[in-house]
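Engineer: Following the hints, position chain B against chain A.
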Amino acid sequence: ETGVTQTPRHLVMGMTNKKSLKCEQHLGHNAMYWYKQSAKKPLELMFVYNFKEQTENNSVPSRFSPECPNSSHLFLHLHTLQPEDSALYLCASSPLLRRQDRAGGNTEAFFGQGTRLTVV
Amino acid sequence: QKEVEQNSGPLSVPEGAIASLNCTYSDRGSQSFFWYRQYSGKSPELIMFIYSNGDKEDGRFTAQLNKASQYVSLLIRDSQPSDSATYLCAAPTSYGKLTFGQGTILTVHP
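Line order of the protein sequences matches chains A and B.
Here this note's numbering is used: position 48 in the first sequence is 48, and no number is missing along the way.
Here this note's numbering is used: position 82 in the second sequence is 82, and no number is missing along the way.
Everything labelled a hint here was simulated from the structure, so no lab data went into it.
Careful: at least some of the hints might be erroneous.
Claimed, not checked - Listed next, the in silico DSSO-like pairs over lysine-lysine satisfying Cα-Cα at most 30 Å (straight line):
| id | chain 1 | residue 1 | chain 2 | residue 2 |
| --- | --- | --- | --- | --- |
| 1 | A | Lys-19 | B | Lys-67 |
| 2 | A | Lys-22 | A | Lys-41 |
| 3 | B | Lys-42 | A | Lys-41 |
| 4 | A | Lys-40 | B | Lys-42 |
| 5 | A | Lys-19 | A | Lys-40 |
| 6 | B | Lys-56 | B | Lys-67 |
| 7 | A | Lys-40 | A | Lys-18 |
| 8 | A | Lys-41 | A | Lys-19 |
| 9 | A | Lys-52 | A | Lys-19 |
| 10 | A | Lys-22 | A | Lys-40 |
| 11 | A | Lys-19 | B | Lys-56 |
| 12 | A | Lys-52 | A | Lys-18 |
| 13 | A | Lys-18 | B | Lys-67 |
| 14 | A | Lys-22 | A | Lys-52 |
| 15 | A | Lys-52 | B | Lys-42 |
| 16 | A | Lys-41 | A | Lys-52 |
| 17 | B | Lys-42 | B | Lys-56 |
| 18 | A | Lys-41 | A | Lys-18 |
| 19 | A | Lys-22 | B | Lys-42 |
The following block holds chain A by itself, in its conformation from the complex (with noise of 0.2 Å):
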């Protein structure tokens, strides 16, 4: 079992629908993030948040909302969405990562089994 739960882990909505993405970690990391992966190709990160501050929106397009409660939770919140926005969202989380610590340490991301995401 992953430290890193996602759910729902399958999603069809439509592109007049409000729906949200959960993400839980129980590993008792400081960072958070969403990426999305389209098929065929690289993951794409979206938001990342450090000591539930968002530290990164990699311009993405406001239609998706990050919303961050504690160091444990994260959440994505989705809504008029485009076909296009189908893909696999997947959620991850590491240990400290702070400005300075972009050197070593246990830095490794683990990841959640992601949300196959449809908009019809």
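Structural biologist: Using the frame of chain A, we list chain B on its own:
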């Protein structure tokens, strides 16, 4: 220039051969590097990490790091069909985020 860059491949090797996967990075401040394996339809899983210049071996996997050249590689010895996957290189970059390369698709054929 991409922060972490890999040859997207695909790379095809026969069973039993050595597969060599390469990655370059632009941030000289990055000092730890990670190799992830991702099977189709699954999430990435960590297989190796390396912090120091030189080689690090773990079973059939060897990671190599050359900080002067900003180059990190992964060698898979005695490749098996079960090694067929996408391999992702990752490094913490200047804004405290873990950045991934685009991945290299490896196919090991019997």
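Engineer: Determine for every hint whether it applies to the structure shown.
Structural biologist: Hints, one by one, checked against the model:
Taking the CA atoms of Lys-19 of chain A and Lys-67 of chain B, the gap is about 44 Å. The hint is violated against a cut of 30 Å. Our distance criterion of 30 Å between C-alpha atoms is met by Lys-22 of chain A and Lys-41 of chain A, whose separation comes to about 23 Å. Distance check on the hinted pair: Lys-42 of chain B and Lys-41 of chain A sit about 14 Å apart at the alpha-carbon level, within 30 Å; holds. Taking the CA atoms of Lys-40 of chain A and Lys-42 of chain B, the gap is about 13 Å. The hint holds against a cut of 30 Å.
Only pairs whose Cα atoms come within 30 Å are accepted, and Lys-19 of chain A paired with Lys-40 of chain A is accepted, the gap being roughly 25 Å. In summary, the hint linking Lys-56 of chain B to Lys-67 of chain B is supported, as the alpha carbons are separated by about 14 Å, within the 30 Å threshold. Proximity of Lys-40 of chain A to Lys-18 of chain A is assessed by CA-CA distance (about 27 Å); at most 30 Å being required, the pair is judged to hold. Proximity of Lys-41 of chain A to Lys-19 of chain A is assessed by CA-CA distance (about 24 Å); at most 30 Å being required, the pair is judged to hold.
A distance of roughly 21 Å separates the Cα atoms of Lys-52 of chain A and Lys-19 of chain A; the hinted pair therefore holds under the 30 Å criterion. A hinted pair counts as satisfied when its Cα atoms are at most 30 Å apart, and Lys-22 of chain A with Lys-40 of chain A qualifies at roughly 24 Å. Restraint check: the Cα-Cα separation between Lys-19 of chain A and Lys-56 of chain B comes to about 44 Å, which exceeds 30 Å; the hinted pair is violated. With a CA separation close to 23 Å, the supplied pair Lys-52 of chain A and Lys-18 of chain A stays within the 30 Å bound.
At roughly 46 Å between alpha-carbon atoms, Lys-18 of chain A and Lys-67 of chain B are farther apart than 30 Å, so this suggested pair is violated. For the given pair, Lys-22 of chain A sits about 15 Å from Lys-52 of chain A by alpha-carbon distance, which is consistent with the 30 Å threshold. This hinted pair checks out: Lys-52 of chain A and Lys-42 of chain B have alpha carbons roughly 27 Å apart, not beyond 30 Å. Restraint check: the Cα-Cα separation between Lys-41 of chain A and Lys-52 of chain A comes to about 28 Å, which is no more than 30 Å; the hinted pair holds.
Between Lys-42 of chain B and Lys-56 of chain B, the direct Cα distance comes to roughly 26 Å. Compliance with the 30 Å bound is thereby established for this hinted pair. Taken as a hint, the Lys-41 of chain A and Lys-18 of chain A pair is honoured in the structure, with Cα atoms around 25 Å apart against an allowance of 30 Å. Pair hint Lys-22 of chain A plus Lys-42 of chain B holds up; C-alpha atoms about 18 Å apart against a cutoff of 30 Å.
When the structure is compared with the earlier hints, violations turn up for hints 1, 11, 13 and for no others.
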